[in-house]
Structures are given as structure tokens and as C-alpha cells.
Amino acid sequence: MLVIDRLSKIYPNGVHALADLSLRITPGEIIAIVGGSGCGKTTLLRLAAGLESPSAGGVSIDDEQVWAPHPAIGLVFQEPRLLPWLTVGGNIAFGLDHLGEDEKQRRLREALARVGIAGYENRWPRELSGGQAQRVSILRALIAGPKVLLLDEPFSALDALTRANLHGHLLDLWRAYRPTLVMVTHDVDEAVLLADRVLVMQPHPGRLFAEVPIELKRPRDPLSEDFTAAKRQILAALGRATH
Amino acid sequence: MSEVGTQAGKAWRARVFERPAFGVWRGRAGVFLAAIVLPLSVAILYEIAFRLGLVEARLLPPPSRILATLAELAAGGELWTHVTATLLRVLSGFLIGAAGGTLLGALTGSSQAVRRLLDPTIQALRAIPSLAWVPLFILWLGIFESSKIALIAVGVSFPVYLGVMGAIGNVDRKIVEVGRIFRLSRVQLARRILLPAILPEYVTALRSGLGLGFMFVVAAEIMGASEGLGFLLVDGQQLGKPEQILAAIIAFAILGKAVDFVLLLLFHPLLRWQDSFSRSVEPSREA
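Here the protein sequences come in this chain order: X and H. The opening position of the first sequence corresponds to residue 3 in the numbering used here, with each subsequent residue numbered one higher. The opening position of the second sequence corresponds to residue 1181 in the numbering used here, with each subsequent residue numbered one higher.
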């Protein structure tokens, strides 16, 4: 269980990015976090990933305090951030040094096939499209088997078709590896499509404003009435949050 | 110029140069041909003018005589003595200078405290024209090999120093963060992220260092040497043999290019991932 306990962050320049945020996320849950710019979404993920330290409060995973990047918590950035000097295979296996070569190759092939880019292990990152690169980046974070995967607007730079495609891949991966997913997004459709719970945040300082559970069965139909109703509820909360 | 103008210019260039007539310059052999068309025609024209008695060749000998001189020097074994002497000086100076520049650049590049401490002094030293050190080096190290190598090493070290320091500063913070997420130790971070990230800029720095190394070996050899390509230059001047000077210049050009190519070749396996790098080594690939 990922527990965020009264987390606050004040940057040295005085910006109060996050104030007293508490959250409990059960294993395997998919959480989407939405909110206007400056509401501390990215700060929340960076703190949970251990990349920055909180001004007050803390993050823990299975009762273990997170002070620095933790093996049980993976992070996918907004940009793929692949290492250009490693092949696709080298990038995905970047965190698999502890495994033998055979096991590494087996996991690699399986992972690539799962997201529809089988046989790409020897390509260079520069040869990939944006969607392919982001798939590699997600695999790199997932392959080591973290309990929690944090995603910071991972699809925001992609076109609508590619994005829809990657939503499918992400859900496939979730079914296969069952990690907890915590995703920051500015796309309400994306949030309703993927999440079990959508958290709406409020800016200045960043804090939790509302929580909308999405109890629709998967696969979800974006054109259904229930989907639209959930969307309307979130949009209304977002409107009130930024007032 | 408006953007439209630039685009029109591009289209024009595309039309003119991508036409089949220019297809000759494509492919590896084509690129090579294109490169030597100009110097080769000048040489041939000059040779013809000389044969027809149109030019007085006392100060600028025809290509045939320069080639003959080169062949003569090569056959007598002299050329190899001079080439070896020059090459050894450049390589020893280069290795010392590059090692020093790399070490200092790595220190100032990775620690701000060290940079504040060392960089101003190094920049001040860099402002001194390297040749100004010669009298001091000769006093300290004598007139033989050591002072020459010291001069070359000093010349090589500055571009390498600047290149390494700059390359470390240019490493993308976002990529370093990937290393942090994977909990790399400081040593692992240096080996798996920083080193590969700075390699392309490092090779560029080494190449400009090597270029300066050749510049300073000429200076050192002109000032006093009994062998080496630089000696061949001075000797040609004193004996009034311009063909020997030109032969030595050509030998310098070939040697410089060859050593640069070997350097590039050594690093090629490590830089295969780089788009621009593959292009400069294998110019014909996308043709």
C-alpha cells in the first residue's frame, strides 16, 4: 500500500507547491490525478518517486519510508528520456543488472511483444516514433517489477490515435504485471477511461480538492452515458477547484 | 529574408543539385571524386602550363617534380625517418596533453567548488600564446625532445580541457534523473550515464587538440630539429628547394588527416548510436 501522509513541499524560492496532502492507494489500483497547472501534480509524483524530499510529511510504501528513489516505485516521465547510446533492449534492461543474460533476454522479448514492438531490441532510440519511444520508456520502468508505477503526463505529447493505442497497451501491461498506477494527466477523457479513482487537485498551494470514483466496467466506452456522466462530474469539480 | 524566400532558395537548390547530372557525386566514390575535382584540375592545368613553357617554375615547381621529390625521399627511406620523428612527437605530446586536459576538465566539470578554484587560473594560462612558453621550456628541458613534447602537450591540453568541462556541463539533467530513479551510485552514474553522454563532445575536443598538436609540432621543429617533417621544411628553405617544402607540406596534410581518421576509427564503435557521427564517417549511407 502506498501511503502519502500530510505531504507538504515548499520550494527554496518560496513557492508552496503542495500543502498537507494525504492519500492511501491500495495495491493494483489505478489513480488519475487531474488539475490545472501549478496545482502540484508533478511535485506530488516527484516526491513519491523520491527525487525530491518533502518539507513536511512523508511517503511510505508497505510501511517503509521513501527517502530516495525506491526499488518498489517506478517513474515514467513526460518525455521518454531514453538513453540514446543504448539500443531499445539496452534501455529496457537498464535496471535489470541483477539478472542473468538469459533471463534478461526472455523478459525483454516478452515485454516487447506485449506492447506490439517485438523484434525492436536492436534498434536505436532515434529510430523510434514518439509512441514507440514512450512504450519503451514504460517497459523500462515496469520490467523490474515495481509495485507502484508513477506516470507524469506520459501521453500528453502524442497524437490522439497513438494515445488511444497506448491506453490499450498500458491496460494490457497493468493486467499482466498488476502494478499500482498513479498517473498525472490533464486529459479528463484519459482519466475516466483508465482510472478507478480520479483525484482533482486545487492550486496555490497544491492540495486535494475532490475524489471521484469511477465504477465502470472495463473496457469502457467513451460514448456511453455513464462515461459522460463521470466526465461531467470531474469537469465540474475542476471548475470549482480553479475558482 | 522572408521564410518564403528561404524556401524558394531551398527548392531551387534541390532542383539544381538533385538533378541526375549531379548523381555522380553520390555514393562513397562520388563524394571522394567531388572532393578532389578542384585540386586535381588546378594541378593538371599548372602541369600543362609548365610543360608548354608558360610559367617560370623556379619558385613554384610543377606537381610532377613535387611527386618525384616525395618518391625520392620515400625510396631513400628519409621520408619515413622524418614522418616517424614527427609522429612520435605529436603522439607523445598529444597523449600527455589530452590526459592532463581530460583530468582537469573532469574535475572542474563535475565540481563547482573545484571549478571556482582552478578554472580562472587555467583560463589565464590559456590566454598566453603557447609559443611564448618555448624559451622557458628550452631553458628547463633543453633543446631536444622534451621541450618540443612539452610545447605540444600544452597546446593540446587546452581544447581538451574546455571540451571535457563543457561536455559535462551540457549533460542533460533529465537523463541524469533517469540514473537517479534506477538508484545508480556515483561511480555507476559516471560510468553508465555521464561517460557515454559526453563521449561525442569529447571526441570533437580530442580532434581539435590533435589539430593543434600538429600546429605546434611544426613550430617546434622549425625552431630547431635535425629530423622531422618540420626540419624538412626549414632544410628546403635553406637549400632553396621549394619542391622539398611542398613535399613536406603534402606529407603533413596526409599524416594529419590519417591520424585524425585513426582517432575517429578508434571511437567509432562507441559512437555508432549517434546520427550525425555515422553520417560524417559513412557519408554515403542515405544516398
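Since the hints were derived computationally from the structure, they do not count as laboratory data. What you are looking at is a predicted structure, and each value in this text was computed from that prediction instead of being measured. Some hints could be false.
As the list claims (entries may be wrong) - With a Cα cut of at most 30 Å, we get these calculated DSS-like pairs of lysine-lysine:
| # | chain 1 | residue 1 | chain 2 | residue 2 |
| --- | --- | --- | --- | --- |
| 1 | X | 149 | X | 233 |
| 2 | X | 219 | X | 149 |
| 3 | X | 106 | X | 149 |
| 4 | X | 149 | H | 1437 |
| 5 | H | 1354 | X | 106 |
| 6 | X | 233 | X | 219 |
So, going through the hints one by one against the coordinates:
For the given pair, residue 149 of chain X sits about 28 Å from residue 233 of chain X by alpha-carbon distance, which is consistent with the 30 Å threshold. Proposed proximity of residue 219 of chain X and residue 149 of chain X is supported: the alpha carbons are some 23 Å apart, at most 30 Å. At most 30 Å may separate the alpha-carbon atoms for a hinted pair to count; residue 106 of chain X and residue 149 of chain X meet this at roughly 19 Å. Using a Cα cut-off of 30 Å, the hinted pair residue 149 of chain X and residue 1437 of chain H is violated, with the two alpha carbons roughly 55 Å apart.
Distance check on the hinted pair: residue 1354 of chain H and residue 106 of chain X sit about 26 Å apart at the alpha-carbon level, within 30 Å; holds. For the hint linking residue 233 of chain X to residue 219 of chain X, the alpha-carbon distance of about 15 Å falls within 30 Å, and the restraint holds.
Checked against the numbered hints above, the structure breaks only hint 4 and satisfies the rest.
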